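Colleague: Build the full structure now, drawing on both the sequences and the hints.
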Amino acid sequence: MDHINSNNAKAPAERFAATLDWNLLRSFVVIVEAGSITAAAERLLRGQPAVSLALKRLEDAVGARLIERGRGVFELTAAGRALYEECADLFGGIARLPDVTRAAEAEISGQVAIHLASHVVTPLLDDLLSSMHRDHPRVRFRIRTDTSAGVARSVQDRSASFGICLVNRQNPDLDYAVLYREFFGFYCGPAHPLFGRKGLTLDDLRGREAVAFETDDLNDALRPVALLRRQSALDQVVVGRSSQLEEVRRMILCGLGIGALPVHVVHEDVSAGRLWRLPPYDDPPAVDIFLVTNPRKRLNRAEAVMLDHLRARIETLPLAARTYPAG
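When we follow our numbering, the leftmost residue of the sequence shown carries the number 16, and every step to the right adds one.
Source of the hints: derived by calculation from the structure; they are not laboratory data. It is possible that some hints are incorrect.
Distance windows between CB atoms, simulated [stated by the list, open to error]:
id, residue 1, residue 2, range
1, Pro152, Ala33, 21 to 29 Å
2, Asp297, His324, 34 to 42 Å
3, Asp219, Glu262, 19 to 27 Å
4, His324, Arg256, 42 to 50 Å
Predicted, not measured: the structure shown is a model, and the values here were computed from it. In this text, a Cβ means the ideal position worked out from N, Cα and C, and glycines have one as well.
Modeller: Structure representation (structure tokens):
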């Protein structure tokens, strides 16, 4: 019953808003500000009778006299003053509409699809994600990990806004820029016989079982790591492979064998005693991680802004400042 009464109470107000000629409100505001029907007619470029009729129609619509007028008298009633204040707010809001729409147009929105190799760890990306979310809260992100080859394919078929991955051979249809450089070290887990031993040399690694990335090959993206194995004649038997860093790390932790991991990525594992760093300690293999883009992809505003920021960081920061660990 209360709901029905509430709806009935609303009905007259809704009918009033639906049927009111808003031009009558504009005419009323001009009449008040001009101070007379005659002056208002001049401003509105209308005849005096038409302006008088507009005022009369508005008074009939609101059910109250708005202006006391007669010989030598032109004064707002209490109802007229209240209506004028409401109209002033109303037309002030209307005047702000262009600014509101321009601001909405300027607000950046859209989805950014980022495809990554599994071991991408860099403040260049993390800081940008944080600032994008803070400055452009309507932007949405979709982040997917894949093999480096899969990342490149996604960029080529334009399902990814951009990719960050290792690169073996560059595709002439795509653009590449070194985002950062990382170093790989050899590690073993607690169950391995070399764990905790100091003073080790590469000789101690020879003939040991190993785990590796799928790209740990002389003809693939982790060529520097494979080259170290070859040049050092480690002659290791690979007992496990994966394209995902997390799974390579898992196999090392479980004692399956020695494996190569990015030094800065597993720094906390070493500090916590979960992994043990093995030689070489000096001049470890360096691997470049690339920002991969497709010049033929039509970018939305969110994608364009994010890529502009990443490219600006690449251009302004020397590679030494984008190398992990530093130095």
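Colleague: Could you see if the CB distance from proline 152 to alanine 33 stays within 21 to 29 Å?
Modeller: Violated: the Cβ-Cβ distance is about 35 Å, outside 21 to 29 Å.
Colleague: Do histidine 324 and arginine 256 keep their Cβ atoms within the hinted range of 42 to 50 Å?
Modeller: 36 Å, violated
Colleague: Taking 34 to 42 Å as the hint, is the beta-carbon distance of aspartate 297 and histidine 324 inside that range?
Modeller: 35 Å, holds
Colleague: Given a hint of 19 to 27 Å, does the C-beta separation of aspartate 219 and glutamate 262 actually sit inside it?
Modeller: 25 Å, holds
Hint violations for this structure: numbers 1 and 4, all remaining hints satisfied.
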